[in-house]
Amino acid sequence: MRTLLNILLLAVATTFSAAAQDLAPDALVKNVTLEVVDLITKDKEIKAGSRAKLIQVIEAKVLPHFNFGAMTALAMGQSWGKANAEQKKQLIEEFKTLLVRTYASALAAYSEQKFDFRPLRAKPTDTDVTVNVRVLQPGAQAVTIDYSMEKTANGWKVYDVMVGGVSLVANYRTEFANTVRNSGVDGLIRDLKKKNQEKK
Amino acid sequence: MIRIVPLVLLAILGGCATPEERDPRDPYEGFNRGVYRFNDTVDDYVAAPVARTYRKAVHSELRGRVSNFFANIQDIMIGANNFLQGKFEDGVNDWARFAFNSTFGLLGIHDVASEWGLEKHNEDFGQTFGRWGAPPGPYLILPFLGSSTVRDTAGTALDWTFAPLTEVRPIDLRNTLYGLYLVNTRADLLDASQLLQEAALDRYVFQRDAYLQRRRSLIYDGSPPREKLE
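These protein sequence lines map, in sequence, to chains E and R. Note that this note's numbering numbers the first sequence so that position 80 is 80, with each residue one more than the last. Note that this note's numbering numbers the second sequence so that position 178 is 178, with each residue one more than the last.
This is chain E alone, in the form it adopts within the complex:
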């Protein structure tokens, strides 16, 4: 009986995780976006301006779908190879913190804009796709958000975000390269730490 129950539990558990992993990338983006927007427009603390709560929501709902290792490596470009394992770990951690803080500020400015989730243009066999979302606002051109996503063993993960045609990862490239050239990988870690400790 016990074994049977275990097998049953195992079956249920794998089914659920399989469901999350099998979710198509565009469906994933849509679900997460709508869930987060719903949360932040209803949460009393966030509406009262609580940044800590906002960051909590991002960490719980958004972060699991990002591949920060890949993002950091791409932003570092050729300098990535100059970093040792410990430095890489720190770079990923600091870059993640910086992006989350920036994302929190962007979300805090959200004021009931509407979303247009574009149908995915990709073959079912593709493992690297771009999911397009447009943010609509009266009197101005829609702002496009393009999520570059890669299929992994743990489901689809975002490795770059383009806002209005500006790739976040590409935009950090020159900054990171300049800093590494002038003060090395440790210098970049130091600068990122300093940046993250600045008061909001």
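Simulated from the structure, these hints should not be mistaken for laboratory data. Values in this document were obtained by computation on a predicted structure and should not be read as measured data. A portion of the hints provided could be inaccurate.
Some but not every residue of chain R turned toward chain E, in silico, with C-beta under 8 Å [stated by the list, open to error]:
(1) S67
(2) A71
(3) L189
(4) D191
(5) Q194
(6) E198
(7) A199
(8) D202
(9) V205
(10) Q213
(11) G222
Okay, the calculated beta carbon distance ranges per label pair [said to hold, decoys possible]:
(12) E:D43 - R:T161: 46 to 54 Å
(13) E:K195 - R:L62: 31 to 39 Å
(14) R:V46 - E:R181: 30 to 38 Å
(15) E:K195 - R:D40: 16 to 24 Å
(16) E:Q78 - R:R216: 18 to 26 Å
(17) E:A52 - R:R37: 30 to 38 Å
(18) E:E93 - R:A192: 20 to 28 Å
(19) R:L180 - E:P64: 39 to 47 Å
(20) E:N196 - R:R37: 41 to 49 Å
(21) R:S223 - E:T152: 21 to 29 Å
(22) E:R181 - R:L142: 24 to 32 Å
(23) R:T103 - E:Q56: 45 to 53 Å
(24) R:S223 - E:D38: 26 to 34 Å
(25) R:D202 - E:A85: 25 to 33 Å
Partial list, derived from the structure: chain E residues whose beta carbon lies under 7 Å from chain R [unchecked claim]:
(26) T33
(27) S105
(28) A109
(29) Q113
(30) P138
(31) G165
(32) E175
(33) G187
(34) D191
Here a beta-carbon is modelled for each residue, glycine too, at the ideal position from N, C-alpha and C.
On the provided structure of chain E, position chain R as indicated by the hints.
Just chain R now, with coordinates in the frame of chain E:
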């Protein structure tokens, strides 16, 4: 005014320390950084405070109407630029927007055309030149105006020459509209400039790269040939 000019030049030239390694897209980086600092000072002491006061004093609903009013006037030249780029359907769309919003939208303060499915576009002469094959040329920071390139500076000059707002008379009314436009535009950008402050390690570099990426994307109307990140 004449006395201020040498001071400004001095401030700019003072900032001309040339960085060791030059970005090929930005050969005048030393000069640009000087102008950037000058613009920053103007912004810190004048533009941003005025915009913040305006944002506090004027309700967001009304500010939205003001933005719509100016956006509507701009649709004329947005349409013209679409025609110049051979995008006739888009051009007709833009002029139809202007016609509907100017009438049913009460001089443009309501963007009814968007609700009816006529999308707002983003075009200017700089993009038209880009579409015709003109390369951006060196990156430039213009006094008071900020990020540009040689191509976009030429474009901006034409944008101004043909801006319907310049035709407004009496002059007092025109100047009032200019002022309102500047303050309202800066107020619209308050969140974005705050974000830039938070995201960037080196604001100058971050803004430059974002500007160049953004312009490239606009020229191709949002789908430029993909530059693969390796």
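Each hint, compared with the structure:
1. At about 5 Å, the closest approach between the beta carbon of R:S67 and any beta carbon in chain E falls short of 8 Å, and the interface hint on this residue holds.
2. Annotation: interface hint on R:A71 holds; nearest CB of chain E at approximately 5 Å, less than 8 Å.
3. Residue-level restraint check for R:L189 is violated (minimum Cβ-Cβ distance to chain E is 11 Å; threshold 8 Å).
4. Because the beta carbon of R:D191 sits about 4 Å from the nearest beta carbon in chain E, less than 8 Å, this interface hint is met.
5. Here the hint on R:Q194 is kept, as its CB sits about 7 Å from the closest CB of chain E, short of 8 Å.
6. Interface hint at R:E198: satisfied, since its Cβ lies 5 Å from the closest Cβ of chain E, which is below the 8 Å cut-off.
7. At its closest, the beta carbon of R:A199 sits 4 Å from a beta carbon of chain E; the interface hint therefore holds under the 8 Å criterion.
8. The closest approach between the C-beta of R:D202 and any C-beta of chain E is roughly 5 Å, which is under the 8 Å cut-off, so the hint is satisfied.
9. This hint holds: R:V205 has a C-beta 5 Å from the nearest C-beta of chain E, less than the 8 Å allowed.
10. For the restraint placing R:Q213 at the interface with chain E, the shortest Cβ-Cβ distance is roughly 5 Å, inside the 8 Å limit, so the hint holds.
11. A least Cβ separation of about 6 Å between R:G222 and chain E falls short of the 8 Å threshold, and the interface hint therefore holds.
12. At roughly 50 Å, the beta-carbon separation of E:D43 and R:T161 lies within the given 46 to 54 Å, and the hint holds.
13. A hinted range of 31 to 39 Å holds for the C-beta pair E:K195 and R:L62, which are about 36 Å apart.
14. Taken as a hint, the range 30 to 38 Å holds for the pair R:V46 and E:R181, whose Cβ atoms sit roughly 36 Å apart.
15. Take E:K195 and R:D40: their Cβ atoms lie about 18 Å apart, and the range 16 to 24 Å holds.
16. Distance hint check for E:Q78 and R:R216: the Cβ-Cβ separation is about 22 Å, which falls inside the suggested range of 18 to 26 Å.
17. The hinted range of 30 to 38 Å is satisfied by E:A52 and R:R37, whose Cβ atoms lie roughly 34 Å apart.
18. The given range of 20 to 28 Å is respected by E:E93 and R:A192, whose C-beta atoms sit roughly 27 Å from each other.
19. The supplied range of 39 to 47 Å is met by R:L180 and E:P64, whose beta-carbon atoms lie about 46 Å from each other.
20. As the Cβ distance of E:N196 to R:R37 is approximately 25 Å, the hint placing it in 41 to 49 Å is violated.
21. Between R:S223 and E:T152 the CB atoms are about 26 Å apart, so this pair conforms to the stated range of 21 to 29 Å.
22. Between E:R181 and R:L142 the C-beta distance comes to about 28 Å, which sits within the given range of 24 to 32 Å.
23. Remark: the range hint 45 to 53 Å for R:T103 to E:Q56 is upheld by a beta-carbon distance near 49 Å.
24. In this structure the supplied range 26 to 34 Å holds for R:S223 paired with E:D38, their Cβ-Cβ distance being about 30 Å.
25. Checking the proposed 25 to 33 Å range against R:D202 and E:A85 shows it holds: the Cβ atoms sit about 27 Å from each other.
26. About 19 Å separates the beta-carbon of E:T33 from the nearest beta-carbon of chain R, more than 7 Å, and the hint is not met.
27. Contact between E:S105 and chain R, as hinted, is supported at the beta carbon level, the nearest pair being about 5 Å apart and thus within 7 Å.
28. Annotation: interface hint on E:A109 holds; nearest CB of chain R at approximately 4 Å, less than 7 Å.
29. Hint status for E:Q113: violated, given a least beta-carbon distance of 12 Å to chain R, over 7 Å.
30. Given hint, E:P138 at the interface with chain R, holds; its Cβ is 4 Å from that chain's nearest Cβ, closer than 7 Å.
31. At about 2 Å, the closest approach between the beta carbon of E:G165 and any beta carbon in chain R falls short of 7 Å, and the interface hint on this residue holds.
32. The closest approach between the C-beta of E:E175 and any C-beta of chain R is roughly 5 Å, which is under the 7 Å cut-off, so the hint is satisfied.
33. At about 11 Å, the closest approach between the beta carbon of E:G187 and any beta carbon in chain R exceeds 7 Å, and the interface hint on this residue is violated.
34. Restraint check, E:D191 versus chain R: the minimum CB separation of about 6 Å is within 7 Å; hint holds.
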